[in-house]
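Based on these hints, arrange chain B on the given structure of chain A.
Take a look at the letters that make up each chain.
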Amino acid sequence: MSAIKQYTDIFTTYSDAINAHSAPVLNAVRPDALNALENARMPRKGDEDYEATDLHEMFAPDYGVNINRVNLTADPAEAFRCDVPNMSTSPYYFFNDVYHHDGDTLTPHRDGVIVSSLRKAAEDYPDLVARHYARIAPLSNPQVALNTLLAQDGIFVYVPQRVALERTLQLVNIMNVAQPVMAVRRVLVVLEEGAQARMLVCDHTQSRTVQCLSNQVIEVSLGEGATFDFYDLEATADTSRRASSLWAHQAAGSNLLVDGITLANGITRNDYHISIDGEHAETSLLGMAIMGGNQHVDNHTFIGHNVGHCHSNELFKYVLDDHAIGAFSGKILVAGNAPKVEAYQSNRNVCASTTAKMFTKPQLEIYTDDVKCSHGATVGQLDQDALFYMRTRGIPEHEARTLLMQAFMSDVIDGVRIEALKDRLHHLVEKRFAGALADCGECAGKCLRNKK
Amino acid sequence: MLVIKDLHASIEGKEILKGVNLTVRPGEVHAIMGPNGSGKSTLSSVLTGNPAYTVTGGSVEFYGKDLLALPPENRSHEGLFLSFQYPVEIPGVSMVNFMRAALNAKRKYFGQEPLSASEFLKLMREKRAIVELDNKLASRSVNEGFSGGEKKRNEIFQMAMLEPRLSILDETDSGLDIDALRFVAGGVNKLKTDNNATIVITHYQRLLDYIKPDFVHVLYKGRIVKTGGPELALELEEKGYDWIKREWD
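So the sequences go chain by chain: A and B. Each residue of the first sequence is one higher than the one before, starting from 74 at the first, in my numbering. Each residue of the second sequence is one higher than the one before, starting from 30 at the first, in my numbering.
A few of these clues could be false.
Stated by the list, open to error - Covered stretches of chain B, going by a simulated chain A footprint (3 or more residues, C-beta under 8 Å):
| # | stretch |
| --- | --- |
| 1 | 85-97 |
| 2 | 112-121 |
| 3 | 239-246 |
Claimed, not checked - One-sided and incomplete, this derived list gives chain B residues near chain A with beta-carbon spacing under 10 Å:
| # | residue |
| --- | --- |
| 4 | 74 |
| 5 | 78 |
| 6 | 128 |
| 7 | 137 |
| 8 | 170 |
| 9 | 175 |
| 10 | 261 |
Said to hold, decoys possible - In silico EDC-like links for lysine to aspartate or glutamate, alpha-carbon gap of 20 Å or less:
| # | chain 1 | residue 1 | chain 2 | residue 2 |
| --- | --- | --- | --- | --- |
| 11 | A | 445 | A | 350 |
| 12 | B | 137 | A | 472 |
| 13 | B | 137 | A | 470 |
| 14 | B | 250 | B | 278 |
| 15 | A | 118 | A | 130 |
| 16 | A | 504 | A | 492 |
Hints are computed from structural coordinates only; laboratory data are not their basis. For each residue, glycine too, the CB sits at the ideal point set by N, CA and C.
So here's chain B without its partners, still in its complex pose:
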C-alpha cells in the first residue's frame, strides 16, 4: 500500500531525511525506532503533508497514487492517519463539530451524502466505546484541557471514526502512564484488520509489548539503517542505540 523510495526532506533549508526507503503492505505493523533527532517525526510530518517541510527528492506511492502531490486533507480521505505526538488544542471547536466536518468531508470526497445527525451521533457512541473515551470529553472543545492520556485516547478515537488504511502512531506512548498506554494500545489492536496497516514510531520497546510489530526499523541520521523482526526492538532496549551509531558514524 505504501512505497517510499529514496525520500529526502528538509525544514528551513536543513536536510532531515536523507534517502528513506520503506514498503508497507496491508495487515502489517511496522515499528520505526531511533535516537532523538534521527528524523522519525519528520517522516510522519512529510507523509501527512505538513507544509513546514519541503520534499527535496524521492517518491511516495500510496495505493498507486502519488501521495506527495495530494493536499493533507486528500491524504486523509485516501486513508492515511497520523496520531500526533502532541495533539493540538483547538479552543472553541467542539469535538462533535470537528468530527462531523472531518467525516462529511470524506464522504463528499467519495460522492456520498453527509451523515444525518442521528447516524453521526450513533457512530460517535460506538467508536467512543472502543477507546472508552468519556462522553464529557467528546462534548468539549478539541483537546482543550485534556490530560496527556486523554489527548492520546482522543487520537485513537479519531482513528476509529475515520477508519484509515494506514495509521502512523507518532510517539503515542510518550507521556502515558501504564494504564493509559494499555487503553490506547488496546484501541489500536481492536481496530487492526488484515486490510489496514500501522506504523508505530517510538523510542522505547515498552509500547511494542502491547502493539506487536512484524518489522522493526532503525532510523538514524535520516536513513533507515537497520531492519529486523521484533527481536531487534528488544536488542535496542538492552543495548541502546550506541552500537548502531558506532556502525554508522
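This is chain A alone, in the form it adopts within the complex:
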C-alpha cells in the first residue's frame, strides 16, 4: 500500500467521525485534499529537493490517528511547568495533537485578539477562519494535502490591526504515545495591518521507545507592516519523525523572522516557504541543527521575491557528529520586474566526524537585473589552527572543540530577537555540545517533567 493510501482509506472509512470531531470550515476543505491526494505520491529519496530524505518511508508505517479526539487524562499543568527565565509567555499545549490550554494562565485577550483552538475558532468565527484557512499552504504538496485531509484541530492566532501582543505565545507540542501515532497539527496565524506578535514552538517527545510522527502545517499571513517572530525549536527523541511545513505570505512593509532550531530528533523534514508579495517587506530566515548519533535533519527553504524593494537574509548552520545526516536545499526566487531586491542566502556546515554526511544545495533564480543577491554553502571541519591555539593555552581538546562549535552557532542564536530566549538558547546549545542532551527540563521552554 502506498504511504498515502492508508491515510486516505482512514479518511474514507471514518470521515463522519473525523468531521464530527472538527469544525465545518475545516471539513469543507477535506474533499479538495482528498482529490489532490488521489494521484499524488510522497516524495522519495532522490527526488528534486529530497536528496537525503524519504517522506514515503516516513509516512509508510501504520500510524494510528486520534480521530475521536480522545483527551489525555493527564493534566498538562500538573505534568509540565514551562517557563523561560525572565521571559513571560502565554503557554498553550498540544498533547500529541490534542489542544490544551491551562485556563488559569489565560490572559484575557483584549482588542479583538484571538488565540484559541483552531476548531473552536472555526466554530466561533467561521468567516474569519475560512478567509485564511488552507489559503497559503497548497494542496499540491502531499504533506500539506494529507494534513488538510486529517487535521481536526490546531491553534489559531489572530491579531487585529495595529495591536501588539506583548507576551510571547508559547506552543508546547508534547508527544507521548503508547503505540505508533501520527499527530496532525495545524497552526494558523493571521496578523492584520501593523499587528505584532511573537511565537515560540517547542517540540518534545516523551515516549522514547515508540515511534511517532508529527505532521504539522503552519500558515502565516502578515498584513501590511505587520511584524512576526516565529521560533521553532525541536528537542525530541530518536523515535520522533517530523514533517513540518511553514507557509508564509508577507504584505508590503511586513517583517518576518523565522528561526528553526533542531537540538535533538530522529528524522526531521522542515519546509519553509515564504512568499513576499509587498514592497519593503523584510524576511530573516535562520536555522541551525546540532546533530549526533543517527539524527537526520533536512531543511528545505523557498523565498519568493515577487515584487521589488524587498529584503531577505537567510542563514542555516549545521554541526554534524557521529553518523548524523544533514540536508539543506534552499531557493531564492526573484521574479521578473522586481527591482532593488536584496536577498542573501548562506548555508555553513561543520562535519565533526568522518562518518557524518551533509547534503547542501543553495539556489538562486533571478529574473530581474537590478538586484543584489548572493548564495553560498560550505562544508568543512573545525578550524585546526584555532584548535591548536586553544590547546596551547591549556584548554583540553574536547573542550576546545565544544567552544568552537558553540562559537560557530553563535550568529544564528544572536538573530533571536527576544533577549531571554537568546540567553536560554546559548545555555542550551552549550549543554547540548557538552553532551547533556536537552531533556524537557533543559529545553528553551524548560518544561520540568512530572514536577509540580
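Frame of chain A; chain B shown alone:
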C-alpha cells in the same frame, strides 16, 4: 628546566630540524635568531606540540618530564607558553570564556577548584593592566578584528594570566610599530622573575634592545650553528647572516 637533545622534526616528510641542542635554566633569556626558513618557528611549534609536525628523533625534557609525550594542553599546564607569530582569530569565542576555560583547566590539572567569577574577573583586571590591554578588547571575541599590535599585546596578556615557567616569543616584534613594541617588551620584562625563563625568536636585533638576552643562538638549516652573548646579535645586525651561511654552506 628545558633540555633539548639532538631534536629532529619534519613536516609533510620534509626534515626541518636536523639536530637541535639547547639548554635553558630558570632566570635566563635566550634569543634564537636566524635567516628565513632556518627552522625557528618549527622549533616553537614542535616544543608546543603542533600536530602538523612529526618528531623524528631526539628528546626534550622539561623539568625532568618527557615534554614530547605530553599533549599540548598538558605542556601548557606544566608551564610552557608560546606567544604566536600569527595569533589566531576565534570568532564567537569571547576572551573571557577563553581565558576562564584555560585557567580552570590548569587548576583542574593541579587538583584545584575552579576560580569564582569574581576572583576571575579581578585577575583579568590585574593582568590587563600589565600590558595595558583595553577592556574593550578583553570583552570581544579572541583576536577578532584586533590590529597586529593588539594581537601581540593580547598574547602577552594571556602569558600574564597563565604565569608560565618558560615563554617562547615567536617573532613577537613582527608587524609592530615602535610604541607597540615597547608595550609588549615592557609587559614581558614585568613578568620576568628568577624562576622563569624566556626564549625570544626574532629576525632582528631591535626587540633585543628591549628584552635583554643572556644568550644568543643562531639557527641555520635546522641546527644551532653559533652561540654567544648579546654582542652576537649586534654583530648579526651589522653583518647580516651571509658570513654564517658561508661558514656552513
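Hint by hint, here is what the structure shows:
no.: 1; hint: 85-97; verdict: violated (count 0)
no.: 2; hint: 112-121; verdict: holds (count 7)
no.: 3; hint: 239-246; verdict: violated (count 0)
no.: 4; hint: 74; verdict: holds (9 Å)
no.: 5; hint: 78; verdict: holds (8 Å)
no.: 6; hint: 128; verdict: holds (8 Å)
no.: 7; hint: 137; verdict: holds (9 Å)
no.: 8; hint: 170; verdict: holds (8 Å)
no.: 9; hint: 175; verdict: violated (14 Å)
no.: 10; hint: 261; verdict: violated (29 Å)
no.: 11; hint: A/445 with A/350; verdict: holds (18 Å)
no.: 12; hint: B/137 with A/472; verdict: holds (13 Å)
no.: 13; hint: B/137 with A/470; verdict: holds (15 Å)
no.: 14; hint: B/250 with B/278; verdict: holds (9 Å)
no.: 15; hint: A/118 with A/130; verdict: holds (9 Å)
no.: 16; hint: A/504 with A/492; verdict: holds (18 Å)
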